[in-house]
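S.K.: One-letter residues, chain by chain:
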Amino acid sequence: EAGVVQSPRYKIIEKKQPVAFWCNPISGHNTLYWYLQNLGQGPELLIRYENEEAVDDSQLPKDRFSAERLKGVDSTLKIQPAELGDSAVYLCASSPSNGTHRPDTQYFGPGTRLTVL
Amino acid sequence: AQSVTQLGSHVSVSEGALVLLRCNYSSSVPPYLFWYVQYPNQGLQLLLKYTSAATLVKGINGFEAEFKKSETSFHLTKPSAHMSDAAEYFCAVIHTGGFKTIFGAGTRLFVKA
Chain A
1 EAGVVQSPRY KIIEKKQPVA FWCNPISGHN TLYWYLQNLG QGPELLIRYE NEEAVDDSQL
61 PKDRFSAERL KGVDSTLKIQ PAELGDSAVY LCASSPSNGT HRPDTQYFGP GTRLTVL
Chain B
1 AQSVTQLGSH VSVSEGALVL LRCNYSSSVP PYLFWYVQYP NQGLQLLLKY TSAATLVKGI
61 NGFEAEFKKS ETSFHLTKPS AHMSDAAEYF CAVIHTGGFK TIFGAGTRLF VKA
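So the sequences go chain by chain: A and B.
Anchor point for the first sequence: position 71 equals 71 in my numbering, and the numbering is continuous, going up by one each time.
Anchor point for the second sequence: position 42 equals 42 in my numbering, and the numbering is continuous, going up by one each time.
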């Protein structure tokens, strides 16, 4: 079974440029997460989707960040414009919807390492 | 509010020695607790999880953790370290009323030959 796929793996851009990250979750997983991981820290949730609905985007800086999950499968996270402080690893994760409303194991992709110059 | 504290950003052990990675949590309601491992340039992988069943949880690669409510702890142990255990380990908590996962800052494990 294929795991969570993310692309690109690495991205280097200049500040003020736009950037987009793509995530393909594990087949059948209804819940999708985007996390930000700064160096030496744990992941911090940016947004969580249940199918195509963003059910928790309270930590997403909406002035420059946006996300979408059309058709409830793949997802894209965009930053426009990027700032120096956005340099980090962006992780995507997915989990199955088990119908019991209990939090389930999250399966993580390898992440996209963003460097803003 | 929930939080997770991992004591020690770096832990170094000799190969064959006991591994002990500490995690304390705060949660106003019974939590779900997780340990994840992250190898360089990879995503996080679940080691084990506590979901209010047995307090001693066994995971992959010989790791286990014990939930101690009185100490609000969920320390990760392995009897004998292997070189391949060198990685970053994250403790995480979700309270039973929600789905937001709070991760600790991580502990990097070094294994010396």
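In short, the hints are calculated from the structure, not lab data.
Everything numeric in this text was worked out from a predicted model, so none of it was measured.
All C-beta atoms, glycine included, are put in the ideal place defined by N, C-alpha and C.
Just to be clear, a hint being listed does not mean it is correct.
List of simulated lysine-lysine pairs, DSSO-like, C-alpha gap at most 27 Å [unchecked claim]:
no.	chain 1	residue 1	chain 2	residue 2
1	B	K100	A	K62
2	B	K49	B	K100
3	B	K49	A	K71
4	A	K62	A	K15
5	B	K100	A	K78
6	A	K78	A	K15
7	B	K100	B	K69
8	A	K15	A	K71
9	B	K112	B	K69
Some residues of chain A that are not near chain B, with every Cβ distance over 10 Å (derived) [said to hold, decoys possible]:
no.	residue
10	K11
11	N24
12	G40
13	G109
S.K.: The structure should be examined with respect to each hint, and the outcome stated for every one.
M.R.: Do the hints match the structure? See the list:
1. B/K100 to A/K62: Holds, at roughly 19 Å.
2. B/K49 to B/K100: holds, 15 Å
3. B/K49 to A/K71: violated, 31 Å
4. A/K62 to A/K15: holds, 18 Å
5. B/K100 to A/K78: holds, 22 Å
6. A/K78 to A/K15: holds, 14 Å
7. B/K100 to B/K69: With Cα atoms ~21 Å apart, B/K100 and B/K69 stay inside 27 Å; holds.
8. A/K15 to A/K71: With a Cα-Cα distance of about 31 Å, the restraint between A/K15 and A/K71 is violated, given a limit of 27 Å.
9. B/K112 to B/K69: Violated. B/K112 to B/K69 sits at ~33 Å, over the 27 Å cutoff.
10. K11: At roughly 14 Å from the nearest Cβ of chain B, A/K11 sits farther out than 10 Å, so the non-interface label holds.
11. N24: holds, 13 Å
12. G40: The claim is violated: A/G40 sits with its nearest Cβ about 7 Å from chain B, within 10 Å.
13. G109: Its Cβ does come within 10 Å of chain B, the nearest being 5 Å, so this is violated.
Checked against the numbered hints given earlier, the structure breaks hints 3, 8, 9, 12 and 13 and satisfies all the rest.
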